[in-house]
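Q: For reference, the chains in residue letters:
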Amino acid sequence: MTDTTSAQLTDHLQGPQFFGSASGRIITIVFMAVLLLVPVAAHFLGVRLQLVSLDFITRILCLAIAAVSLNLILGFGGMISFGHAAFIGIGAYSVGISAYHGYGSAWLHFPLAIFASAVFALITGAISLRTKGVYFIMITMAFAQMAYYFFLSLEEYGGDDGLTIYSRSVFDIFDIENKLVLFLLTYACLVGSIYTVYRIVNSRFGMVVRGCHSNETRMKALGYNTYVYKLTAYVIAGGMCGLAGALLGNFTTFISPDMMNWSRSGELMFMVILGGAGSLFGPVFGAVTFVFIEELLSSFTTYWALPFGVLLVLSVLFIKGGLNGLIQRGWKHD
Amino acid sequence: MTEAMLDIRGLRKSFGGVIATDGVTLGVDAGELHAIIGPNGAGKTTLIAQLSGDLTPDAGHVVFDGKDITTLPPHRRSHFGMARSFQITSVFMGLSVIDNVALAVQAHDGHSFRFWKPATTEVQLRKPALEVLEKVGLASRAGSIASALSHGERRQLEIAMALATNPRFLLLDEPMAGMGVEESAAMVDILRSLKGEKTILLVEHDMDAVFALADRISVLVYGRVIATGKPDAIRGNADVRSAYLGET
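Protein chains in written order, with my numbering: chain W, 1 to 334; chain F, 1 to 248.
One chain only, chain F, in its complex shape:
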């Protein structure tokens, strides 16, 4: 077995009597785009929270790049090269678009105990921020306040902020959530441009996007991974079909 970049081993989490994550074991190889799909209530959000550090699992381990990060708080994980986007858009609404991204750049440019020099004039922060915005196609809106962006643009900003921390691994929580057809297509293009460059774990409802992008897909049902494989194999898998048909 090759060493996976993200190695999830026997992860278990329950809330009261509800078992949300039931022994999930999953490996994400370096350079691949691995998608997780599953019907509503399958435990995708709980799984993501354990990978990002917002929840501590009851049992099992999360190993990233050979290091056990199971109990590491979210801000420490970021410094191992892990970045995430949020299902519900989570940007700094009162700040301009470029300020949002510059703040992400700053997080990985040494400590921030610098009290006197204006941050908005620092080329060291603004230049990488603008480059990331160009990459996601948002450079023209750099000066706008984040709250003035459309939903689709905010989702792009969400990705830009994750990218600006210069991660090796991206944890994307439903990046297409609430998007129209055109916006989704633009997002698929952005993600496609990241393929190979970053290792990506994509949790997504949009099946067209998942099958267009993923190298491998894992199917989560009732907190368990019932199948992992290439898109074609998943499409033909009888268990997956019944899980989805049974739910919807």
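Bound conformation, chain W alone:
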């Protein structure tokens, strides 16, 4: 009996796989490599195509980090937050306001962006997570709009005209005024974010968060104080999105309350769902696809939002598990 148990036990001690199933692994790795190498090659070869430029891809990477952080709570935790763009704005304004007052160090900017976003997440999450379903969606959106109007009313920092950042965060060891360096930093942050989410969702804490998504009543009956775990996940996601905001602020060197408008939160949700909620790389697939299609359609017509909307609706209706679902299935239907 004991022997069979230990033999069986080893069968059930498999660790998680970073790149997903065997069929999806190669595509995922190639995709991430292309995302790194193509813009770098285009930069050195002097290719002038917007779609492969460092600038264009850096912006996508910032949004991808935000989507990855949203996926932690939306995809894995089942918390449908409609106010995630607020954290981008708070992260960006942490950089902008510090720079405005003459504090230029990245070692201030980035920790401050993450900390401020996490605190905002803690306060709003503590209230929002007392509600469920549609109420949670609405209350997270309401808090984000409060943040939006708060920054809109800050005359000192430009109000709705926005705030220009005259010099990017100063790292002592490298210079992100160089756009290749900024791109590489952003890419590293994206990979770091994905890896962090990967470790979290497979840890004890992550299993609890996923359990809350699947069946919160049962989690409570098992003895988990689900509220505290969900709030912790919410704070982690908020902090991670603050990082995305700090990078985005550095990239655009111009920030405005528009970054945290509710429509931005909606776009982030769409990236996550399009790419595959609850999958590790899904949000990256989603962010890249979203911004590419947006860019392509807007170059054909000023009314790009209409066909874009139709495409998004169709993709959500007909692609089960998002783009990641397609990739992991190896393009086969199941």
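By construction, these hints were calculated from the structure, which means they are not laboratory data. Incorrect hints may have been included.
Said to hold, decoys possible - Only pairs whose alpha carbons sit at most 20 Å apart, straight line, appear in this in silico EDC-like list of lysine to aspartate or glutamate:
#1 LYS67(F) x ASP7(F)
#2 LYS230(F) x ASP54(F)
#3 LYS230(F) x ASP206(F)
#4 LYS230(F) x ASP208(F)
#5 LYS67(F) x GLU122(F)
#6 LYS198(F) x GLU122(F)
#7 LYS132(W) x ASP54(F)
#8 LYS127(F) x ASP11(W)
#9 LYS230(F) x ASP68(F)
#10 LYS117(F) x ASP11(W)
#11 LYS117(F) x GLU134(F)
#12 LYS135(F) x ASP11(W)
Unchecked claim - Derived DEER-like restraints, expressed as beta-carbon distance ranges:
#13 ASP58(F) x ILE123(W): 31 to 37 Å
#14 ILE123(W) x GLY178(F): 41 to 47 Å
#15 HIS101(W) x PHE113(F): 32 to 38 Å
#16 GLY46(W) x PHE113(F): 48 to 54 Å
#17 GLY133(W) x ASN166(F): 55 to 61 Å
#18 PHE115(F) x ASP175(W): 39 to 45 Å
#19 GLY309(W) x PRO73(F): 41 to 47 Å
#20 TRP107(W) x ARG76(F): 50 to 56 Å
#21 ILE127(W) x ASP29(F): 17 to 23 Å
Beta carbons: idealized from backbone N, C-alpha and C, even for Gly.
Once you've looked at the hints, dock chain F against the given chain W.
A: Using the frame of chain W, we list chain F on its own:
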């Protein structure tokens, strides 16, 4: 009177004008398997919800092991050694069978603010989980996704998750619900193996199972306990017969 493990005193709960629990007083002694039966609408579900903490009674007390737990939220009750199963199967459908049980083990293995180490490689969680699965006869399905299980297997998993929290007291809400004859028989065997080891409060519709397993039976009708006693005494009780015959 000996100290009961679970002591329900004068419990009362009404919804609007409907009195669902009408002064229920009941003691479950340590080590016994106590069954609650009653016709549909007798208030069994409402009673269970008050014992598990999902509903707060209007009046009365629930005392567990000498502690008043009347207003304690469900997750705190679990840490006093109380576990429950659900009438409607309530497992984590997207997770594997062993993950389901390991999550139950984890709930009682310290806090879960551990963010980095993969939980699926922890012998400390997987070994007890597999042992519980073996106990309920589900070890061969450990690697399957819970949603791929048959109804009967899910009911077994339901019990396994309750057991994995290592409780002293089990609150079982119709474990045989929706089961075929063979599945029911397997469940009766599982429950019989738990007798004596755990104190069990069993709410069940399946009369054959109840009379085969219970040490004592309480009959709930219109929110009141009309009789409590050994199976033979309940079988011969005139009030019980009329309540059941009158209903069905």
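Q: Run through the hints listed earlier and report the numbers of any the structure violates, in increasing order.
A: Hints 2, 5, 6, 9, 11, 17, 18, 20, 21 not satisfied by this model.
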